[in-house]
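Listed below, chain by chain, are the residues.
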Amino acid sequence: MAAVLGVSANYHDAAAALVVDGDVRVAIQQERLSRIKNDPALPLEAAHACLVHAGLRAEQLDAVAFYERPFHKLERVMVSMLRNLPRSWRQFPRAMASQLGGNLWVLDHLAERLGVERKKVRCLEHHRTHAAAAAFTSPYEECAVLVLDGVGEQSSTTTWHANGTELRGLESIDFPHSLGLLYAAITAWLGFAVNEGEYKVMGLAAWGTAGTDGLRESFERLVTLRSDGAYHLHLPYFAHMSDANLGFGPRLEALLGPRRATGKKWEFDDPADQHYADVAATLQRVLEDALLGLCQRLRQQLPGVGALCLGGGVALNSVANARLLRESGFDRVFVQPAAGDAGGALGAAILASIELRDCRPEPMQSAALGYEVDTARAHGLATELGLRVERVSDPATLAATLIAQDKIIAVVRGRFEWGPRALGQRSVLASPRARATRDRINHLIKQRESFRPFAPAVLERNTSDFFEGEANDMTPFMTTVLPIRSECAGQLGAVRHEDGTARVQTVCPQSAPALNEVLTALKASGHDPVALNTSLNGPGEPIVAGAEDALAFFMRHKVDSMLIEDLRIDRPE
Amino acid sequence: MSGGNDVTPPRTVARPGFLRRLSARLKTVGSLVAHFLHPARFVLAPLLLVLLCAGVLLWLTGGLAYIAPFAYSLF
Numbered sequence: 001m002a003a004v005l006g007v008s009a010n011y012h013d014a015a016a017a018l019v020v021d022g023d024v025r026v027a028i029q030q031e032r033l034s035r036i037k038n039d040p041a042l043p044l045e046a047a048h049a050c051l052v053h054a055g056l057r058a059e060q061l062d063a064v065a066f067y068e069r070p071f072h073k074l075e076r077v078m079v080s081m082l083r084n085l086p087r088s089w090r091q092f093p094r095a096m097a098s099q100l101g102g103n104l105w106v107l108d109h110l111a112e113r114l115g116v117e118r119k120k121v122r123c124l125e126h127h128r129t130h131a132a133a134a135a136f137t138s139p140y141e142e143c144a145v146l147v148l149d150g151v152g153e154q155s156s157t158t159t160w161h162a163n164g165t166e167l168r169g170l171e172s173i174d175f176p177h178s179l180g181l182l183y184a185a186i187t188a189w190l191g192f193a194v195n196e197g198e199y200k201v202m203g204l205a206a207w208g209t210a211g212t213d214g215l216r217e218s219f220e221r222l223v224t225l226r227s228d229g230a231y232h233l234h235l236p237y238f239a240h241m242s243d244a245n246l247g248f249g250p251r252l253e254a255l256l257g258p259r260r261a262t263g264k265k266w267e268f269d270d271p272a273d274q275h276y277a278d279v280a281a282t283l284q285r286v287l288e289d290a291l292l293g294l295c296q297r298l299r300q301q302l303p304g305v306g307a308l309c310l311g312g313g314v315a316l317n318s319v320a321n322a323r324l325l326r327e328s329g330f331d332r333v334f335v336q337p338a339a340g341d342a343g344g345a346l347g348a349a350i351l352a353s354i355e356l357r358d359c360r361p362e363p364m365q366s367a368a369l370g371y372e373v374d375t376a377r378a379h380g381l382a383t384e385l386g387l388r389v390e391r392v393s394d395p396a397t398l399a400a401t402l403i404a405q406d407k408i409i410a411v412v413r414g415r416f417e418w419g420p421r422a423l424g425q426r427s428v429l430a431s432p433r434a435r436a437t438r439d440r441i442n443h444l445i446k447q448r449e450s451f452r453p454f455a456p457a458v459l460e461r462n463t464s465d466f467f468e469g470e471a472n473d474m475t476p477f478m479t480t481v482l483p484i485r486s487e488c489a490g491q492l493g494a495v496r497h498e499d500g501t502a503r504v505q506t507v508c509p510q511s512a513p514a515l516n517e518v519l520t521a522l523k524a525s526g527h528d529p530v531a532l533n534t535s536l537n538g539p540g541e542p543i544v545a546g547a548e549d550a551l552a553f554f555m556r557h558k559v560d561s562m563l564i565e566d567l568r569i570d571r572p573e
Numbered sequence: 001m002s003g004g005n006d007v008t009p010p011r012t013v014a015r016p017g018f019l020r021r022l023s024a025r026l027k028t029v030g031s032l033v034a035h036f037l038h039p040a041r042f043v044l045a046p047l048l049l050v051l052l053c054a055g056v057l058l059w060l061t062g063g064l065a066y067i068a069p070f071a072y073s074l075f
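Chains as they are written, first to last, in my numbering: chain A, 1 to 573; chain B, 1 to 75.
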């Protein structure tokens, strides 16, 4: 019986997760509280919020587990810098600042800032924490696990066998060879921000054609996929070993063409932009092929195992996850909603909890692991701001009515989500029918690139009425895509991506109770039980957490109405 | 408006005294040295020494706060 706090920090997506007696009680990303997107800072506010939610004091924690081993990381940094001299020389001062200014002492800082005895604070292998977060929140007793990210301490790709509470490492591919860094380099080449723009590249891929104009051959010069499932990058094209800003070198530009200017409007009639889309499509195809190769090897090593879990930032590639479910040979695939670095906090907490002889958690059924909104505070703030506030008896039916009237509504109900997806607790909801709705949301709120899709949420039992296939282990968390049935294309015009798929969320009372009520009310009133569901945030903002953030969002963005639990908030007449 | 905020702010944790913090840092340095005493890591010892000296200088001068996008791959 133990209380363990897991922490990820010091690069991006800092987070804290609390596991008590083997139960995942609460998990919060620091950005939701600090209001700094992808905040890397030591997540003291998130840790405090976790403790408050569980009614614990820091002194009552049995362990604090950090998601990375600082000495091992320092070792890799030193070796890498030596190997890449003289190119790496200019990075030396910054490397020192990062390592010696924070990373090396992170366990001391955690103990001092949280008020926990230093001997209770420990660190765990980065990829092991990803693997634990993936496997030990999954519905599978036994599974294969594939972890892929930029790089952990040393590894960028690892495979594991999870059985009960055991997690056995199988193989690894080490830095500087990394599919995550390949994707990041092309993301930067396409003019998007690394660690944020990868979703855009995935969306852009649907607008291009993989392998055209010799791009397949060009990518064969960037990365070799071996028949045994391993891969290696051709390093002269990359710069992630020696340049902290860009990730690719002049040879990559000589191979693929000049990089795209950041922020330039996308015009697919322009051959240059079509070329960039083709590169994105080819990258996506190469990534999927590499993942399939790795899965094939896992199948050979674990012949009796039918389930696969994925972890690490690359596992947030929902298009690749769908292909793995179709073609990898595994019957079931699971990706928990915070598969990136934030998820390391959860994995670290679970691993330390198991080491303290607690059982592994129950399978994750909902991503609502944050805290609830304070409605009294929301009421007070809205009144102060001169907004119209009305308490309603049936917020779900009201939401359904507004959606059916083609209104765009902001919904704040229940505990906020864990991970980068809004799953109905902090969402903007709208009708999925008209493509114009998508343009309106983009104009009013999101200001996204025109090629990026919005996602639908559908009642789980009605999934196959609108999509090819049924709900699976990933669909409650929006970590995969499904094709839209051709006869439903007109009904789902606002959420249909260029390739005919959608990153669908299937909804049931366990996964998202409030959204389930809304979709049920839509169905009861004779409408399709589907809604466009996008995150409750503006461009560059973290998703809303509490009452203040919600009202700040409402003041900044002209949604038609906002529901905060049973409060309906509208602008003055 | 900012801050997300339906949770009371973290209570201020009393910072341990200088000697206690120094003791914790020295233990960390000891663990670091022990890590690099492994025979396979002997070759890194000179660089580690330079690092530690640089670290002291950075500590004294306030260090650098900027983190670039590919920083995790480098350091």
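None of these hints come from the bench; they were simulated from the model. One thing to keep in mind: the hints can contain errors.
Calculated pairs, PhoX-like style, for lysine-lysine (alpha carbon to alpha carbon, straight line, at most 20 Å) [as the list claims (entries may be wrong)]:
1. K37/A / K200/A
2. K407/A / K523/A
3. K407/A / K200/A
4. K27/B / K120/A
5. K265/A / K200/A
6. K27/B / K119/A
Verification of the hints:
Only pairs whose Cα atoms come within 20 Å are accepted, and K37/A paired with K200/A is accepted, the gap being roughly 16 Å. The hinted pair formed by K407/A and K523/A meets the criterion: a straight-line CA distance of about 17 Å does not exceed 20 Å. A threshold of 20 Å between alpha carbons decides the hint, and for K407/A with K200/A the separation of about 26 Å lies outside it, so the pair is violated. For the hint linking K27/B to K120/A, the alpha-carbon distance of about 14 Å falls within 20 Å, and the restraint holds.
Using a Cα cut-off of 20 Å, the hinted pair K265/A and K200/A holds, with the two alpha carbons roughly 13 Å apart. For the proposed pair K27/B and K119/A, the alpha carbon gap of about 11 Å is at most 20 Å, so the pair holds.
In summary, the one numbered hint that this structure violates is 3.
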